Amino acid sequence: MDAYVWGVGTSEFGKQPHRSASELLWTAVAEALRDAEIDRPDAVFVGTCFGEPGIAQRALHRMGITGLPISVLENACASSTQAFHEACVAVSSGRFDTVLVVGVEHLTSRFSGAIPVEQTDTEGRTGLGLPALYAMAAARYQDVYGVSAEDLAAVSVKNHAHGVHNSRAQHRTAVTLEEVLGSRMIADPLTLLQCCAIADGAGAAVIGATRRSQRDVAVLSSAFNTGELWDHRSANVWGYDLVARTAGQAYAAAGCSITDIDVLEMHDAFTIGEIVTTEALGMAPTGEGAALASSGHTSLGGKQPVNPSGGLLSRGHPLGATGTAQLAELVWQLRGDAGARQVPDARLALLETMGGGAAGIDGNACVVAVLGM
Amino acid sequence: MNARTCQIPDPRPQLAEGSQSTIAGWQCASCRHPLALPAPWCPLCHGPLETTTWGPGGTTWAATVLRVPLPGRTPPMMLAYIDLDEGPRVLGHLTSETNERPECGTRVRLIGVTAAGDLLFAPNQDDS
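Sequence order for the protein chains is A and B.
Heads up, the first sequence is in the working numbering, so the first residue is 1 and it goes up one at a time.
Heads up, the second sequence is in the working numbering, so the first residue is 1001 and it goes up one at a time.
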């Protein structure tokens, strides 16, 4: 794949009702364009989940980014990761020389509280939101694999510890195992501090077809899939098989394996999500991923740090913007610009985002990309 | 139930006519794949679908207790994925006297629907 990340940028993340979606987008895009040292891309690919119609053009025209192709993509939490994937494909195939990728979400202006469950969906209409769906997976892991409440909570402790060093994160306070387990129960066995918070935010990246300098990060591969049927034949929890299948394609295209990866950003919307994803990526056998956090393997200072940004659990989860936030973190890591949360000598990075919500399938979308210097 | 809900066709599995313990379903005439929701053809082999019923017995694949409110619903709510015997996996609510989630593999039986129209299962004391 001939695609390179020339520049990245993000807003701060968190509940920001006093700032518009456009203002968040301007912050992220301006930083990415400055970083890439370009004034204008050839096209814009935007990912947003709950963004209102026209959200991209409404913001971009006031930056003078007009009169070019702007495409808006929705794939739940993976919306802007898919936008990134499509941008990489577009420049690699020669369709465009440069593409600006944008992820944007302003949830506080869309909902007065938690994100409502989708009433057109079988699961949503039955009262199953994503916290309860992930709780089902956690319960299954407890009963089948013996994962303990402490194992689950260790992921939250780790990612909150990472987020302390991220000035753009929503939650920058370390938490203890006791605090995680003692926080309010949301859906058994997941407590409040094991669930990501909704957030407003934006991220951006400039993707180019050539490498211009040592700061440009190579996209070694990017794979994108939609879930297969998830039904009575499915032995694994929701999402596992989709991530595993997509990761396999990404490894094959990049010519690497999971053991080659130095740092990862992945979809930890809930603690069990990170555990399942690490297994699906091949970091541990099925049912044994919980040990990765408690052993320190996935902590900063460990062999393969996962979510050095603090992840969704600490940075917050502005759904459609999350993919670009993950991408920005990995670019900073590979350039050595990540400050106090820098993974030493990071040369190869993996980006994974999972988007879900439609009943009956193993996930709406998953993107796995391998990045390198 | 809010106004938006009232305008949306019900996407949930429905009880078989005149029954409180079986679901109106479909099965592929070619590959026997079971379905609890309508489809234009079998999603596995594109074979034709025949109507049938599923239930009442099933096994809990996973369960949780939702302890925060949703619009129009009062917590706690016990939700479970149930693998119906020889049939599809469905999402339903569980009756409980303790609000402790049942372990995976617990036998249950369909007993009807909740006031909100959700499939409702109860522990099957005679079939564990």
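FYI, nobody ran anything at the bench for these hints, they're computed from the structure.
Note that the structure is a prediction, hence the values are computed from the model and not measured.
Mixed in with the good hints there might be a few duds.
[Stated by the list, open to error] The calculated label-pair distances, taken between Cβ atoms and stated as ranges, are: (1) 285(A) / 1009(B): 37 to 47 Å; (2) 249(A) / 1021(B): 19 to 29 Å; (3) 1073(B) / 64(A): 44 to 54 Å.
[Claimed, not checked] Far from chain B by the CB rule (all over 12 Å, computed), these chain A residues: (4) 97; (5) 124; (6) 129; (7) 175; (8) 220; (9) 228.
Every residue gets a Cβ at the ideal spot worked out from N, C-alpha and C, and that includes glycine.
Results for each hint:
| no. | hint | result |
| --- | --- | --- |
| 1 | 285(A) / 1009(B): 37 to 47 Å | holds, 43 Å |
| 2 | 249(A) / 1021(B): 19 to 29 Å | violated, 44 Å |
| 3 | 1073(B) / 64(A): 44 to 54 Å | holds, 48 Å |
| 4 | 97 | holds, 41 Å |
| 5 | 124 | violated, 8 Å |
| 6 | 129 | violated, 7 Å |
| 7 | 175 | holds, 19 Å |
| 8 | 220 | holds, 34 Å |
| 9 | 228 | violated, 10 Å |
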